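Let's have the full structure, built from the sequences with the hints guiding it.
Okay, here's what each chain looks like letter by letter:
Protein chains: 4
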Amino acid sequence: MERPGHLEAPELAVSEWFNTPAPLTLKGLRGRVVFLHSFQLLCPGCVSHAIPQVLRVERAFAATDLQIVGLHTVFEHHRAMTPVTLRAFLHEYRLTSPVGVDLADGQSDSPVTMRRYGFRGTPSSAIIGRDGMLLHEAFGVEEDLVLGARLAMALATQAPRSSAPEAAGG
Amino acid sequence: MERPGHLEAPELAVSEWFNTPAPLTLKGLRGRVVFLHSFQLLCPGCVSHAIPQVLRVERAFAATDLQIVGLHTVFEHHRAMTPVTLRAFLHEYRLTSPVGVDLADGQSDSPVTMRRYGFRGTPSSAIIGRDGMLLHEAFGVEEDLVLGARLAMALATQAPRSSAPEAAGG
Amino acid sequence: MERPGHLEAPELAVSEWFNTPAPLTLKGLRGRVVFLHSFQLLCPGCVSHAIPQVLRVERAFAATDLQIVGLHTVFEHHRAMTPVTLRAFLHEYRLTSPVGVDLADGQSDSPVTMRRYGFRGTPSSAIIGRDGMLLHEAFGVEEDLVLGARLAMALATQAPRSSAPEAAGG
Amino acid sequence: MERPGHLEAPELAVSEWFNTPAPLTLKGLRGRVVFLHSFQLLCPGCVSHAIPQVLRVERAFAATDLQIVGLHTVFEHHRAMTPVTLRAFLHEYRLTSPVGVDLADGQSDSPVTMRRYGFRGTPSSAIIGRDGMLLHEAFGVEEDLVLGARLAMALATQAPRSSAPEAAGG
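From first to last, the protein sequence lines are chains A, B, C and D.
Numbering-wise (the numbering used here), the first sequence opens with residue 1 and increments by one.
Numbering-wise (the numbering used here), the second sequence opens with residue 1 and increments by one.
Numbering-wise (the numbering used here), the third sequence opens with residue 1 and increments by one.
Numbering-wise (the numbering used here), the fourth sequence opens with residue 1 and increments by one.
Rather than coming from a laboratory, the hints here were simulated on the basis of the structure.
Computed from a predicted structure; not experimentally measured.
Glycine residues also receive a C-beta, built at the ideal position from the N, C-alpha and C atoms.
Fair warning: there could be bad hints in the mix.
Reference excerpt, derived from the structure (chain A facing chain D, CB under 7 Å, subset only) [claimed, not checked]:
#1 ARG56
#2 ALA60
#3 ASP144
#4 LEU145
#5 VAL146
#6 GLY148
#7 ALA149
#8 ALA152
#9 MET153
#10 ALA156
Chain D regions said to be covered by chain A (calculated; three or more residues, Cβ under 8 Å) [to be verified]:
#11 55-68
#12 136-147
#13 151-159
Shown next as structure tokens:
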């Protein structure tokens, strides 16, 4: 699944953060590339494929300014996947990059950020450019070779000058 | 880890059962071989290695009278691994053989059955013979070849005649 | 693929042996269980699945009297898979159990033993009981759990007394 | 293992080519990125890790102008790994990108190109930039994420203008 790169990435709506001293926003991350990965802690494909890939991304891009952001997008078994369980999950799986609990607003089984991005299920991911534009979305786990190439290309792109004044005036 | 086969397998102490219409006891299973596997739903080694092996045992021994019994032996992150979460876990991982929640009696972080068997952590497993004796205990995941051989040998052994009167008089 | 267990396993026809001080025959191995595995050194399924399984069988059954016998059944690319290349292959893949080159008699692309057993391709395998009877044949790689169970059951069976005099009189 | 990127990649010395209608030279490939991978057909690490990675690179970068070049660098078991066996190997493993047999000149067990690059063993690889400079060398198999990033970065770099006249005058 690819989306045209001319959409600004929707802002995150998060009810609780882990692994970060302060809440994160895409607006605040402007100027950096963001790898946003959506998962559920009881989703077998997430646990066996997506989370290990995130750990590999953590290591492989440690020397870059890539910002990894996890999103716990619970859309089923809501009572089974609470923040208490998520905290223990992150500890056991040694995921050290920031993870936010996608905001449940009661209007849908799916939480708010998941709806904004149109994620069809878990695992899903998005790559957001330095200028805040949505570069790529994927449902399922992409091949490492392809993901590595996408992240490197996004990191190699400088933020356009037009975004600088906006940041300065923000 | 091997234990002498001259010990009777300790009885199960379970607070809640899943995937079975009625509670199970080793006494009630006398005459059948039991593969008892102990896990925690947030234990990475259990999720990536032990549970997939249990699913393979379910398939490979479906035509035999082997009784598989899972034991959710929570000894850490107690609030994170509740029966509500376990129920969803079993659904998502398609584990259909019986699973009991090892009884927490408040006297230790480790639950009762885990202490009775002396399991050092998760995953652990035990093979119990038709006569109720403990044939083998293992900490970690054994190789499939070895486990297949152990289960086949246990299944091939007939319950000794000496146990028959006991069962008849029970 | 299963065959009735009432057939005597056909004798091996081998042009050259590796990893054994003397040629092997099923007749000479009477009284022992034989795990016969057929492979080609350029067969990807053999190299990635069957040979690693044979190495696991070597380890798992090292304490038993199981006899592992490999058979290099070249039925294609004959000039590419010579005994010289096989010798280096066995060295590099650290296969230390005996391997025979299945006899090419020029009457078919398939060698003699392969035809006798009716192997459809590589990898294939057969389990031969202590009495020399064919217990099981498989095309492809069986699950380790199932193979472990089959080998254990075959090993647990004593050679029938009727075969003893035959051996004595041979 | 990293080498400074200021060395021109040594030219290939090949005695026989497969999967290409005409011999390849780095000089002739100037302007394109080259992924050079060195292997031996009886090297277990090559067969189980490096060759599958090359197949993934073939797929992942099919839409780019990346040139994959394999090099059969036989430095042991010379009689066992002949071009006849290599041809069957490439067929069986479905490697369709060009592969050259590294030239054996009799002055060393190691062939000529392997010596020029200083490869310590197999598998090894090198990435060569559009300007013919050696961007990276690796012994062993790199993680896909890292390799994907390296190849993407190399592909994103335009050949410097200084090389254009040279090409025009060639």
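Where does the structure disagree with the numbered hints, that is, which hint numbers, in rising order?
none
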